[in-house]
Amino acid sequence: MADFDAIVIGAGTVGAAIGYGLGQRKWRVLVLDGADTDFRAARANFGLVWSQGKGRGMPAYQDLTKRSSDMWREFHRELCASAGGAQIDYQHAGGIAFCQGDDGFEERKALIEALDDEYRSAFADAGEPDVEMLSRDQVQDLMPDLRLGNSVSGASFGRRDGHVNPLQLLSALHKAIQAQGNEIRGRTTVDKIRPKAGGCEVSSGDLRWQAGRVIIAAGIASGALGRSLGLDVPIRAQRGQVLVTQRLAPVLPLPCSGLRQTAEGTIMIGATKEEVGADVSVTARASAWLSRKTIKIAPDLARAQLVRHWSGLRIMTPDGHPVYAQSEEHPGIFVASCHSGVTLAAVHADELAGHIAAGALPASYNPFHHRRFDVQTAH
Amino acid sequence: MFKQLTDPKEPGFQVFVDGMAVSARPGDTVAAVLLRTPPHLARHTPVRESPRAPFCLMGVCFDCLATVDDQTSVQTCLVEARPGMRIERPRGKLKVAQ
Numbered sequence: 005m006a007d008f009d010a011i012v013i014g015a016g017t018v019g020a021a022i023g024y025g026l027g028q029r030k031w032r033v034l035v036l037d038g039a040d041t042d043f044r045a046a047r048a049n050f051g052l053v054w055s056q057g058k059g060r061g062m063p064a065y066q067d068l069t070k071r072s073s074d075m076w077r078e079f080h081r082e083l084c085a086s087a088g089g090a091q092i093d094y095q096h097a098g099g100i101a102f103c104q105g106d107d108g109f110e111e112r113k114a115l116i117e118a119l120d121d122e123y124r125s126a127f128a129d130a131g132e133p134d135v136e137m138l139s140r141d142q143v144q145d146l147m148p149d150l151r152l153g154n155s156v157s158g159a160s161f162g163r164r165d166g167h168v169n170p171l172q173l174l175s176a177l178h179k180a181i182q183a184q185g186n187e188i189r190g191r192t193t194v195d196k197i198r199p200k201a202g203g204c205e206v207s208s209g210d211l212r213w214q215a216g217r218v219i220i221a222a223g224i225a226s227g228a229l230g231r232s233l234g235l236d237v238p239i240r241a242q243r244g245q246v247l248v249t250q251r252l253a254p255v256l257p258l259p260c261s262g263l264r265q266t267a268e269g270t271i272m273i274g275a276t277k278e279e280v281g282a283d284v285s286v287t288a289r290a291s292a293w294l295s296r297k298t299i300k301i302a303p304d305l306a307r308a309q310l311v312r313h314w315s316g317l318r319i320m321t322p323d324g325h326p327v328y329a330q331s332e333e334h335p336g337i338f339v340a341s342c343h344s345g346v347t348l349a350a351v352h353a354d355e356l357a358g359h360i361a362a363g364a365l366p367a368s369y370n371p372f373h374h375r376r377f378d379v380q381t382a383h
Numbered sequence: 425m426f427k428q429l430t431d432p433k434e435p436g437f438q439v440f441v442d443g444m445a446v447s448a449r450p451g452d453t454v455a456a457v458l459l460r461t462p463p464h465l466a467r468h469t470p471v472r473e474s475p476r477a478p479f480c481l482m483g484v485c486f487d488c489l490a491t492v493d494d495q496t497s498v499q500t501c502l503v504e505a506r507p508g509m510r511i512e513r514p515r516g517k518l519k520v521a522q
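If you read the protein sequences in the order shown, they are chains A and B. Residues in the first sequence are numbered consecutively from 5, following my numbering. Residues in the second sequence are numbered consecutively from 425, following my numbering.
Just chain B, with the same shape it has in the complex:
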């Protein structure tokens, strides 16, 4: 769906989206990684559980919220991907129960 414009010779690294290894490159935002990864979603909303994808890509719309390295509700379009990062796409309300 989306094609990377970065230099393919530049070495990439792995991040984990819901436990699945996905490749990323230096300078990618986490939102960019989510957009490349089927089904191209960031989350399902807390109340109606409808799907949301990164939209504005500039920190305004809050549709790209996901859990990054255990931190909840991160605006993924404002965070750069780092090697080994764990990204989880929330579905519904956050569960803090044991």
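Excised from the complex, chain A in its bound form:
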């Protein structure tokens, strides 16, 4: 008999959400976490639960994000309770993305319209658009305490957007998994997944465990783990640097894409997108760029002192969209990999975990298969 119903490889936001979701279905789950020194996207997250502007070229991803955003309130309520009354600061009152100059406004408007067209052509039952363009005056009305910089021409407002404390989220997922009676094993780097009759064996050094399902959710290590199992997902690391200010009296009532005020009062400023490989250095160039773009939007923030500056490696696929797949050669082995593990946490726990438990991803998940990258490049 297998030791567990499922083994999840990776205890970051993605793996922990799936493990928690399986545990909610009374599955016996082992969640394996890597070394303390591994790169951890889940601990360098910005904390947006964000829908607007995402999913160009893949309406299924737009739909997934919208579904997750709609599920987040209930997911949050249930997770806080499952984690023994854990506190997870979460606000879902919409979010805005600032536009600068007339060109910036028109560019943003065109993107939002193109996304809406793509979505409507794929989903006939799409409701009212969830993003609208706001003039500068409308933005100022929405944020009366924030003096806007002269170049701000307006913003797009997404009613499905919000933000959350990503560290409280991760910690609550871990607490909930343990409260379900399941185990998270730290410092356990998986070196092999071996398909066996009726399941798989996962090994780390001399240790071995068997389970009917194995879910690879190991961030940038997922590619290497799945390669020999028919789950060859092209994943790369993208560096993101973030700045954090001292605590300020409330000034930002809504998260503003790369600018959000946490419940404690700090302002988080993000994020760079750098193709530098596995390098988590922070750079003065990035802090200068992040500070400058912030002051252009909100000049008064120049008075705030920075107290932290960090960088993390984010998970990227070639098109930036998620990958969910089950191995064809070895059914029972799944891979889940995405950039927006916080936004998608609700759908991972509520929906994806259910499909994994059932043993098959439905047709609506076909667009997320990594076979979409197996195309020959024309030269």
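Careful: at least some of the hints might be erroneous.
[Claimed, not checked] Heads up, incomplete: computed chain A residues facing chain B, CB under 7 Å, no partners named:
{"id": "1", "residue": "R251"}
{"id": "2", "residue": "A253"}
{"id": "3", "residue": "G269"}
[What the hints assert, rightly or not] Cross-link-like lysine-lysine pairs, in silico, DSS-like; alpha carbons within 27 Å at most:
{"id": "4", "chain 1": "A", "residue 1": "K300", "chain 2": "B", "residue 2": "K517"}
{"id": "5", "chain 1": "B", "residue 1": "K433", "chain 2": "A", "residue 2": "K297"}
{"id": "6", "chain 1": "B", "residue 1": "K519", "chain 2": "A", "residue 2": "K300"}
Since the hints were made in silico from the structure, they are not lab data. Note that CB positions come from ideal geometry on N, CA and C, so glycine has one too.
Place chain B on chain A using the hints.
Leaving out everything else, chain B in the frame of chain A:
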């Protein structure tokens, strides 16, 4: 509470603590001026708003943070007072709202 040991014949100058004129002497740190000025505080903390006074006087404890000439969170024990300086003792979280 605190007595100056500098030469009283040396000419002093004025700085402003929360708008109030206070005398200072060349070589005084801003923290020294705050310690001499009742109620001998630098600030109230951002979250609990509890009072803090300059403590270590050597740039380590960050209890002497105040706003100096509009610059927020200055370690006042590391800054020399200058004529006309405007020193504000913050209370609670910094307000950048209009």
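Query raised in the report: Taking only the CA atoms, is the gap from B/K519 to A/K300 under or equal to 27 Å?
Result: Measuring from Cα to Cα gives roughly 18 Å; hence the hint holds.
Query - Proposed proximity, A/K297 with B/K433 (alpha carbon, max 27 Å) - result: violated, 51 Å
Report task. Compare the distance between the alpha carbons of A/K300 and B/K517 with 27 Å, and conclude whether the hinted pair is satisfied. Result -> holds, 23 Å
Query raised in the report: How about A/R251: closest beta carbon in chain B under 7 Å, or not?
Result: holds, 5 Å
Query raised in the report: Is the interface hint for A/A253 satisfied, with its Cβ closer than 7 Å to some Cβ of chain B?
Result: holds, 4 Å
Query raised in the report: Hint check: is the beta carbon of A/G269 less than 7 Å from a beta carbon of chain B?
Result: holds, 5 Å
Checked against the numbered hints above, the structure breaks only hint 5 and satisfies the rest.
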